[in-house]
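Asker: Here the protein sequences come in this chain order: V and P.
So in my numbering the end of the first sequence lands on 403, straight run, no missing numbers.
So in my numbering the end of the second sequence lands on 698, straight run, no missing numbers.
Misleading hints may appear alongside valid ones.
[To be verified] Not everything, but these chain P residues come out facing chain V in the computed CB check (under 10 Å):
1. 409
2. 504
3. 524
[Claimed, not checked] Restraint ranges, calculated between C-beta atoms of paired labels, are given here:
4. P/630 with V/394: 41 to 49 Å
5. P/591 with V/184: 35 to 43 Å
6. P/665 with V/201: 24 to 32 Å
7. P/499 with V/186: 40 to 48 Å
8. P/473 with V/214: 26 to 34 Å
9. V/391 with P/473: 50 to 58 Å
10. V/184 with P/563: 53 to 61 Å
11. V/382 with P/532: 21 to 29 Å
12. V/280 with P/539: 21 to 29 Å
[Said to hold, decoys possible] One side only, chain P facing chain V, incomplete, derived with CB under 10 Å:
13. 619
14. 623
15. 624
16. 627
17. 667
18. 671
Just so you know, these hints were derived from the structure itself, not from any lab.
Keep in mind that this is a model prediction, so the values were computed, not measured.
All C-beta atoms, glycine included, are put in the ideal place defined by N, C-alpha and C.
In case you want the letters, here they are:
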Amino acid sequence: MSKSLKALAAAMILTLGACSGGGGDDTGGNTDEPIVIGVSLPLTGDFSEPGKGVQQGYEAWAKIVNDSGGLLGRQVELKILDDQSNADRVVADYEQLIGKDQVDLVFGPFSTRLVVPSARVAEEYGMLFVEPAGAAKEVFEQGFKNLFYAAPAVANDHYNHLAEYILAMPADQRPKTAAYAAMDDPFAQGTAYGLKAKLEAGGIKTVVNEVYPPNTTDFSGIAAKVADAKADVLVGGSQYQDGVNLIVALQQLGYQPKLAAFSTAPTNPEFAKAVGNKTEGILSPTGYSQDAQYPSNKEFVEKFTAQFGKAPEEDQANGYTTGQVVAAAVTAAGCAEQGDCQKKLVDWVRANTVETVVGPLSWDGTGKPKGAHMIQQWVGGDIKIVLPADVKEAEFVFPKPAW
Amino acid sequence: MPSGALLFQSVLLGILLGGLYALLASGLTLYFGIMRVVMIAHSAFLILAAYLGWWLHERAGLDPLLAMLGTVPLFFGAGVLLQRVLLTRLRPATLTMMSVLLTFAIALLIEGLLGYAFTGTQRRVQLGYGSASLEVFGARVAVVKLIAFGLAVVALGTLYVLMKRTRFGWALRATIQHRDAARLLGIDTDRVAGYGFGIGLATAAIGGTALSLDTTIYPSLHWHWIGPLMAIIVVGGLGSVPGAAIAAMVLGMAQSLLQIPMGTTWAQTVFYVALFATLAIRPQGFFGGRLAQRF
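Extracted from the complex, chain P is given alone in its bound form:
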């Protein structure tokens, strides 16, 4: 039986991990909601953003948090371009299948270019506050993990307000819910979808930065992430951002606590067990609506 202190520490780590997962998965579920695109390259973009943060820190001594000022707009632009130039060319009938192939190719391209530019060596941003921590009732919370969690809260909060309170958000949700009806109302769904994709990729820029603060990065790391992130958005209900956030929290916590009895290797399997269980019992996901009918 683990001690109370270890349990409490693991719960805290689980919350922080869940927040990070929620941030990393939010973009992925958004793409599916907007245009039924399975974006395999999302985690590759996360790693790309992490590399940009690392590189700017190495070269210019810039804190990765400041680097976001550049990477977020850049990724937004890249997302709009990606959607307008590549994804709209896919035939609607086979969009979901073909988007897997297309974004798989993009993921390989990013991985290859990262390997070419920075080699396969593992990298870690070396921050002055990298090992600093705060004490919370006897447990320790690392500052970098807290920052990553803060980024997740701010990014997801902004996304929520954007979707619920702005005209653009309404247009985006209308596009998600019924593309033809949205077009009848005069919404330029192509443009809205492009911007929506850009926002998804912008969350990858923030997520990648959060990731780079406290972990090692290497070009092929995205394969390690795409599985758990896919599992999270399926469990949360494809297309639902709040659903993905709740699923991320639950699975992050489960992973953190399961590490105590099962060890690191087996604790990772919680994502796949949850994925199978969801597909077997409730394919539309546990927390979202039916295929993203609601935000």
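Chain V extracted, bound-state conformation:
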């Protein structure tokens, strides 16, 4: 407990802008030199959009840290390479950053496909590897010792708060049947099937379980099955447009579930307009909310908005969170360089809880975060946090009003 309190205090000190100054004097004569952090990100290619989002998160973190005096009294400097969303390229990038450029620390790239190969490189060099976006279960099955995923939960745990809430309802109100429709995609399916496993274990019967290919544009067939089964609960393992299309197709068939949850889609700024503003009661898990009352979040949103002219989204927040985790470790261990220091950093992260913009984070032995996502719901024309209870902005609405 005292350890996590210390970590909390460390993170608070950092993010509130206080600085110990000169604390790192014992590391030698390089105190004036900046701490160089090596990153490879997909700035072009398939993942360029989220890749750039993470880049903004990293840059916002570096600016906020530097404006408040740096880390261990040293400025931080990001060295960002573009891996073109290419797994071979990302390996070469981290080899170069760690081996040739001798960076002091590294941050992870974006998405599972690039995180796994680059984590292997970091592992070889014994570097602490905190990453913003490798959430598929493969990441945690590789036996990595130095990897930590800087977000509240992996896909399967996104809906944990909702599952608890549903199963805690009195038996006569609790939904009895559920329909699941998920895109054929590890992330989208992971979210829906995580909830499915928990609801099935709690006795809620699965009446429809559909998987559709990512290029599906016509959802009337799936909608017909869901509507025919008259399921109480509807869970969509969706990205964005597929979720919208499914909802419109269900509206066309006049289906009214008591509870409807979709991953990702309902948090999109264009969602309400896309489904004809019939959003009331729709649920979505979210890893990040600009309105969440976590201590460092307010400062992050303000300064990020000032720097980039728009509020941060999840990708940006995950990048920033990565920075916060590494910073907390560096501050606690009192060092930032290759070699023995990295081991100290890894041990510290493994043993502590870090306060971040997405809430307090802690990890299991594989680097998987132990939390769950917040659950947001459309209430009164706006999407608000309803679960967990300690950060809620509105009461959970059940049953869902008609759409």
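Knowing the structure of chain V, use the given hints to seat chain P on it.
Answerer: For chain P alone, coordinates are given in the frame of chain V:
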């Protein structure tokens, strides 16, 4: 065993889907009939028309149905130009093969330009009546799907009358059946073929509009469509518009019903199974005549 209500709903959805497929495939079979051109870019033009409808709706609040007043003549003109300027330059001996390459390039060009202009983000026309539906004996028929079906009926009906009852239609069919004989009769086959191609592309404008009413569009979506549409015109008999319409209905219905036991992913394979079966058993197609000898 699925319930009766689900079966009935799926049959209705199958009819509506079949009508849409028939509209989308009609142009494709027409090009082949007129000039033995395999028009890979047809579905790219469909998506282009859908984008124009979406864009006019976003920018000017224009209903996509009204946008057709502009897109149909525009596409007709583009079709005539495409045929007169590009396709006639291909050597007759290798026309079918080379037309695949040429129209493949056009498809890539359209996809690239759409991506450049509108980004890869998926779009959907947001209509006030987008989620409205009518009740038919306990099942539901979405208004937008009904409109798309209506467009298909009107467009295919007009095409039929045009081909069967007008001098131009006779000239076009003569050109389809025997180009040299048609020329001997004094038909300007080059001009007729140009207009025929324009009509094919005009159906793409209508089809694209029908498509935009109820689905998501994105620049590379045309690759998703060209396979099923090619399968439909082969099953229906290359060059035969009624054949394509019947094949579209049968396959649309089959896809809709197969979704119940097989799910969305496997139901799509019905097109390719039908394509293989046709090529193996009856290469000239099940519903048309021998390589478009008849309309």
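Asker: Give a verdict on every hint.
Answerer: Consistency of the hints with the structure:
Among the interface hints, the one on residue 409 of chain P holds; its C-beta lies about 4 Å from the nearest C-beta in chain V, closer than the 10 Å criterion. The interface hint given for residue 504 of chain P is violated, since its Cβ lies 25 Å from the closest Cβ of chain V, which is over the 10 Å cut-off. With 10 Å as the threshold, the beta carbon of residue 524 of chain P comes within range of chain V, its nearest partner Cβ sitting at about 9 Å, so the hint holds. Taking the beta carbon of each, residue 630 of chain P and residue 394 of chain V are about 47 Å apart, inside 41 to 49 Å as hinted.
Evaluation of the 35 to 43 Å hint for residue 591 of chain P and residue 184 of chain V yields a failure: the beta carbon distance comes to about 52 Å. The given range of 24 to 32 Å is respected by residue 665 of chain P and residue 201 of chain V, whose C-beta atoms sit roughly 28 Å from each other. For the pair residue 499 of chain P and residue 186 of chain V, the beta carbons lie near 42 Å from each other, so the given range of 40 to 48 Å is met. Between residue 473 of chain P and residue 214 of chain V the CB atoms are about 33 Å apart, so this pair conforms to the stated range of 26 to 34 Å.
Between residue 391 of chain V and residue 473 of chain P the C-beta distance comes to about 51 Å, which sits within the given range of 50 to 58 Å. Look at residue 184 of chain V against residue 563 of chain P: about 40 Å separates their beta carbons, and that is not inside 53 to 61 Å. One distance hint, 21 to 29 Å for the beta-carbon pair residue 382 of chain V and residue 532 of chain P, holds here, with the actual separation near 25 Å. The hint said 21 to 29 Å for the Cβ distance between residue 280 of chain V and residue 539 of chain P, and at roughly 28 Å that hint holds.
For residue 619 of chain P, the shortest C-beta to C-beta distance to chain V is roughly 5 Å, which falls under 10 Å, so the interface hint holds. Nearest Cβ of chain V to the Cβ of residue 623 of chain P: about 9 Å, under the 10 Å cut. The hint holds. Hint status for residue 624 of chain P relative to chain V: holds, with the closest Cβ pair at about 7 Å, below 10 Å. About 5 Å separates the beta-carbon of residue 627 of chain P from the nearest beta-carbon of chain V, less than 10 Å, and the hint is met.
Nearest Cβ of chain V to the Cβ of residue 667 of chain P: about 4 Å, under the 10 Å cut. The hint holds. Among the interface hints, the one on residue 671 of chain P holds; its C-beta lies about 7 Å from the nearest C-beta in chain V, closer than the 10 Å criterion.
Comparing the model with each numbered hint stated earlier shows that hints 2, 5, 10 do not hold.
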